[in-house]
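Novice: Work out the full structure: start from the sequences and follow the hints.
Sequence order for the protein chains is A and B.
For the first sequence, this note's numbering begins at 1 and goes up steadily by one.
For the second sequence, this note's numbering begins at 1001 and goes up steadily by one.
Here are some of the chain B residues that sit facing chain A, going by a computed Cβ distance under 8 Å:
1) Leu1037
2) Leu1048
3) Ala1063
4) Phe1083
5) Leu1160
Some chain A residues judged to face chain B by a derived CB distance under 10 Å, without partners named:
6) Lys44
7) Phe57
8) Asn59
9) Thr67
10) Lys87
11) Ile89
12) Ile94
13) Cys124
14) Gly128
15) Lys131
16) Val132
17) Leu134
18) Gly148
19) Arg150
20) Trp152
21) Leu156
What the hints contain is simulated information worked out from the structure, not anything from laboratory work.
Every value quoted in this text rests on a predicted model; they were computed, and no experiment measured them.
Just so it is clear, CB atoms sit at the ideal spot from N, CA and C, and this is done for glycine as well.
Number of protein chains: 2
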Amino acid sequence: MNLTRSIAYYILKRMSEELLPLTVRMMDATDLRRGFLAALSVLKPAELTDEQALEVFRNRMQARVQTYVALIDDRIAGTASLFLEPKFIHGGGIVGHIEDVATHAAYQKHGVGASLVAELLSVCRRAGCYKVILDCDEQVIPFYEKLGFRRWEHTLRIDL
Amino acid sequence: MNLTRSIAYYILKRMSEELLPLTVRMMDATDLRRGFLAALSVLKPAELTDEQALEVFRNRMQARVQTYVALIDDRIAGTASLFLEPKFIHGGGIVGHIEDVATHAAYQKHGVGASLVAELLSVCRRAGCYKVILDCDEQVIPFYEKLGFRRWEHTLRIDL
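Specialist: And the structure:
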């Protein structure tokens, strides 16, 4: 039911705003030439050459981290990542972990982030996930609450 | 420095308490016969047959989820899991995600959980992680703070 609500929300959001034709799909290496790192840099500067970024992309595929992109006019408008974790608990159920949701500064307020998250939730549902979790700052919680997420636990960190 | 502090803490903790000989290592399939699911069930009942658990174990290896176990007298006293996520941001740095830290009810208060987390932090350091994160309930935050973790973000969840 939460998923239905979040998909409905993103469709309505897209309908109610300036509609730029938007495609969401898995990233491929050529997206590095479509402004991928520029879109991601709203989170943190990636500080990578194209060659280094390609190596990271390969490392992420090996680590089973799925990167998704949203395209407008063949440029990267946003990105979001997903990792699927099979658990022993919950009868061997799968948990989806969403990471690094970012919308390029030039494409804010066009439902890019909501479209990306809705696509990731669809992927998780097809994979049989029983829940999807993500960590975020206090200020973006309302964005995710509109998509059906709720507050759950606390994220702790240690720097190495 | 945080890592040094957390290792010092766990060594002191182990020295100051009843010392049961403890081994921490990566899980292998035979650990299912050493009480692995019973140890994990302090989190949630796994509700798996040995055969199903073996399949989940294989799925987790394919998904690059590393499962660690702590053994006392050749029985599973506890477990903790780790996933390494290479990032585009932070110059292609790696983030360690700790999941499902559990100590068997019969082995609580012997530093099992702290030993497991310290081992995972060592693995993360060797892998070149710049940070390690985990999600937890409010009530176990003091445990992780003693190991050097600090409050970071909020965990949100959606049920599918």
